[in-house]
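Counting in the numbering used here, the sequence shown runs from 13 upward without gaps.
Hints may be right or wrong, so weigh each one.
Computed cross-link-like contacts, SDA-like style, restricted to lysine to any residue with a CA-CA straight-line distance of at most 25 Å [what the hints assert, rightly or not]:
id, residue 1, residue 2
1, K46, T34
2, K46, Q22
3, K14, V24
4, K41, D17
5, K41, R16
6, K14, T50
7, K14, D38
8, K41, I18
9, K14, G47
10, K14, K41
11, K14, V36
12, K46, R16
13, K41, S23
14, K46, E26
15, K46, G19
16, K46, L25
17, K14, N51
18, K14, L25
19, K14, I49
20, K14, L43
21, K41, L25
22, K14, N32
23, K46, S23
24, K14, E35
25, K41, G19
26, K46, V36
27, K14, E26
28, K14, E42
29, K46, I21
30, K46, E35
Bear in mind the hints are in silico, worked out from the structure with no lab data behind them.
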Amino acid sequence: MKPRDIGIIQSVLEITGPINPTEVYDKAKELFEKGEITNMFDYGGNTPHQSVSAF
């Protein structure tokens, strides 16, 4: 896990309740739009519904 990923996770952990991929994506998008991070994804640019298998 890269430092940028850890920062996103730490930000999401401030949210009470279970963490889901959509919350992580939304927080990454917010930080990206603010310019705090330069890449939302390091693993192919998949959104949560594309990167998590339902099987």
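Verification of the hints:
Simply put, K46 and T34 have alpha-carbon atoms about 18 Å apart, close enough for the 25 Å limit, and the pair holds. Between K46 and Q22 the CA atoms are separated by roughly 17 Å; this keeps the pair inside 25 Å, and the hint holds. Distance hint between K14 and V24 is fulfilled; the C-alpha atoms sit about 16 Å from each other, no more than 25 Å. A threshold of 25 Å between alpha carbons decides the hint, and for K41 with D17 the separation of about 12 Å falls inside it, so the pair holds.
Between K41 and R16, the direct Cα distance comes to roughly 13 Å. Compliance with the 25 Å bound is thereby established for this hinted pair. Between the alpha carbons of K14 and T50 the distance comes to roughly 13 Å, so the proposed pair stays at or under 25 Å and holds. For a cut-off of 25 Å, the pair hint linking K14 to D38 stands: about 18 Å separates their Cα positions. For the given pair, K41 sits about 15 Å from I18 by alpha-carbon distance, which is consistent with the 25 Å threshold.
Distance check on the hinted pair: K14 and G47 sit about 17 Å apart at the alpha-carbon level, within 25 Å; holds. Of the pairs offered as hints, the one joining K14 and K41 holds, with about 17 Å between alpha carbons and a cut-off of 25 Å not exceeded. Restraint check for K14 and V36: satisfied, since their Cα atoms lie roughly 15 Å apart, inside the 25 Å limit. With a CA separation close to 14 Å, the supplied pair K46 and R16 stays within the 25 Å bound.
With a C-alpha separation of about 12 Å, the suggested pair K41 and S23 falls inside the 25 Å cut-off, and the hint holds. For the suggested pair K46 and E26, the alpha carbons sit about 18 Å apart, so the restraint of at most 25 Å is met. Proximity of K46 to G19 is assessed by CA-CA distance (about 14 Å); at most 25 Å being required, the pair is judged to hold. For the hint linking K46 to L25, the alpha-carbon distance of about 19 Å falls within 25 Å, and the restraint holds.
Restraint check for K14 and N51: satisfied, since their Cα atoms lie roughly 12 Å apart, inside the 25 Å limit. A C-alpha spacing of about 17 Å is found between K14 and L25, which places the hinted pair at or below 25 Å, so the restraint holds. Distance check on the hinted pair: K14 and I49 sit about 12 Å apart at the alpha-carbon level, within 25 Å; holds. Of the supplied pair hints, the one linking K14 and L43 holds, its CA atoms being roughly 16 Å apart against a limit of 25 Å.
Annotation: proposed proximity of K41 to L25 holds, straight-line Cα distance about 16 Å (limit 25 Å). With a CA separation close to 19 Å, the supplied pair K14 and N32 stays within the 25 Å bound. Only pairs whose Cα atoms come within 25 Å are accepted, and K46 paired with S23 is accepted, the gap being roughly 14 Å. For the hint linking K14 to E35, the alpha-carbon distance of about 18 Å falls within 25 Å, and the restraint holds.
A distance of roughly 13 Å separates the Cα atoms of K41 and G19; the hinted pair therefore holds under the 25 Å criterion. Between K46 and V36, the direct Cα distance comes to roughly 15 Å. Compliance with the 25 Å bound is thereby established for this hinted pair. As the CA atoms of K14 and E26 are separated by approximately 19 Å, the hinted pair is consistent with the 25 Å bound. Proposed proximity of K14 and E42 is supported: the alpha carbons are some 18 Å apart, at most 25 Å.
Restraint check for K46 and I21: satisfied, since their Cα atoms lie roughly 17 Å apart, inside the 25 Å limit. Taking the CA atoms of K46 and E35, the gap is near 17 Å; set against the 25 Å cutoff, the hint holds.
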